[in-house]
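2 protein chains.
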Amino acid sequence: MALRVGVVGGGQLARMMIAPAVELGIELSVLAEDEGMSAALAATAVGDYRDADTVLAFAQSVDVITFDHEHVPQTVLGALVDAGVAVHPGPHALRIAQDKLVMRARLQELGMPQPDWAAVEDTAALQEFLDAHGGRAVVKTPRGGYDGKGVRVVADATEADDWFAALAEDANGGALLVEELVDFTRELAQQVARRPSGEVRAYPVVETVQRDGVCAEVIAPAPHAADRLQQVTAQIGVSIAEGLDVTGMLAVELFETTDERVLVNELAMRPHNSGHWSQDGATTGQFEQHLRAVLDLPLGDPQPVAPWAVMVNILGGPAEGGLTERFATALAEHPSAKVHTYGKAPRPGRKVGHVTVSGDDLDDVAYQARAAAAHFLD
Amino acid sequence: MALRVGVVGGGQLARMMIAPAVELGIELSVLAEDEGMSAALAATAVGDYRDADTVLAFAQSVDVITFDHEHVPQTVLGALVDAGVAVHPGPHALRIAQDKLVMRARLQELGMPQPDWAAVEDTAALQEFLDAHGGRAVVKTPRGGYDGKGVRVVADATEADDWFAALAEDANGGALLVEELVDFTRELAQQVARRPSGEVRAYPVVETVQRDGVCAEVIAPAPHAADRLQQVTAQIGVSIAEGLDVTGMLAVELFETTDERVLVNELAMRPHNSGHWSQDGATTGQFEQHLRAVLDLPLGDPQPVAPWAVMVNILGGPAEGGLTERFATALAEHPSAKVHTYGKAPRPGRKVGHVTVSGDDLDDVAYQARAAAAHFLD
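Going line by line, the protein sequences match chains A and B. In terms of the UniProt record's numbering, the first sequence has 251 at position 251, counting the first letter as 1, and numbering is strictly consecutive. In terms of the UniProt record's numbering, the second sequence has 240 at position 240, counting the first letter as 1, and numbering is strictly consecutive.
Possibly wrong hints are sitting among the right ones.
Identical copies carry no separate label here, and so any pair may be met within one copy or between two of them.
What the hints assert, rightly or not - Using 20 angstroms as the maximum straight-line C-alpha spacing, the simulated SDA-like pairs for lysine to any residue come out as follows:
1. Lys140 to Asp99
2. Lys140 to Asp170
3. Lys344 to Ala2
4. Lys351 to Arg50
5. Lys351 to Val305
6. Lys351 to Ala2
Simulated from the structure, these hints should not be mistaken for lab results.
All chains, full assembly: derive it from the sequences and hints.
In structure tokens form, the structure reads like this:
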């Protein structure tokens, strides 16, 4: 009898769990939003993850429920727990990932370094924060944002008027999150895996490069990361995973500031784009590690298999022709590249795949990864 | 529109094509012999691979047909080709893998080094061969043998009487293959990948350790393999792939003799147990390479990612409890081990999974792989 993991959500993160599940011999089932999604091969059900009965029925045939995304409502998560279903990460942890205001408050309680922030309920409160922080700040909707959506840099409080108006119409009411605009030199990401029974493993800290608010490229490990920096980021990752009782993979997105501090930017309680390098570049990739963690199996070695790995996203894809038609030139010119595509139709800015390359020479590794990925764009 | 590969046969080799297909974005379909086979996740049809209509119907929805095994009858292969289906490896190549007498004759034409051999139609002819080769020899049924089945060491020609009797009742008639008993120091395997358009890539030669006629362990690359030996074995692999027009993965099993020659023992025209190390230990694993080759995509880099890789088969599995119940101790004690299981019920001697470990120190790598695999046995 195989161990059985059920994934709610049929996107590329669920898809990328299929390979390690098949290799280990774990039965993976997916509750997909629609037919033909990225994880369709493992989809055993199609339905609405916001409907408790749908998710409960799906959960009957698995040993543990985990997630492709963090959007499953707390009411549904609660119904699963009440029915005795093992859910990892649990509702109490996901609640923090689902609301950026809750996240900021909890990180503050844990003493984690983070940008100055405030919950602002109206234009006046936002303007007050702006005035106190040099006239510019980042405003975020607490819920539902991703890949740069729901995030806006403002220089005047009226620039968030539409979001305040939407809040006023929302039955839940609430506030917007405003954060100081951090003067950072680069962005980092720290991943850790944690099992329900407590074991924690930290991946090497990586550098992430964003374009237009979307992750474009990841370098693992982060270049010029002194031992002290690596210890600090790993400790932050472990403290958050333990402090918030996160199970499975946790990604902590960080700013490295001009004065050599690190500040927590965002959290993701699932496999994360910043860890795709590990599929080919670490002894235990993040998708295998996530499966092991949510099943409460011993965690694998997260160490890289080569000195450097670079991951470059394929964003948008070709306007004409499918991704696979581009394989021939990309693979011919870059035999060391590992090409991943997600079975998604290309459209502007959409993450439809990625390329990883590992090796000894960072310049060459980065060149190969960027050049191979470029073959899939126009 | 994704590239589509159809695999005839639902065993573990088809299963192990699933992970690289999902990662690349190739649609893999499997024609399985039964429900619930190793490759069930990708099975789109269940039926008899000896029935041309069944295989032709399956082939309608894919771009190329390839195989989990070499047992598809020539009549069925011919029907596919006649219908315009791309088949890799092709019938002319598979014919050689399907009949050991044909293989010996073709290798002789290619000038490949091999043991002395003969086609013997009766006891007298076998005894004559025995008398000329020191009184002992290896007798093989030309068709249908695998994992030591259909292979017998004899010291007297009457020891093959049952096989001669079976031949006499076979409408096809024919002969047995007899080969000299080679005085070898160890067994090696050379894998090469070849595309229809001609590109060939050779993997490093590996050492294979057999127990009771079944592959137990593989060390990659073969220890103490001098450059000259590696060149010789790679050249043998390339010559056979080109000479026999093999497409996809080819494995050449070799004897290394006490007088430092290599002799061809067996051929396999598919991914092979001797290449499982490459799933985790090479930049491009053999299953990904096979998919690329049969689709006539450019081949990937076959080089190892670490100095050493060791693969140990899980043969038989636990008498009590499933394989997955053994994960916890195996994974806990060997975090660098990559554990693969095939979704097969354990029974004595059956290949139900394997473990690979890669690293810098061969002694440690071999210890970790053997010890991790041992947790799955009784």
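Numbered hints the structure breaks, given as an ascending list: 4, 5
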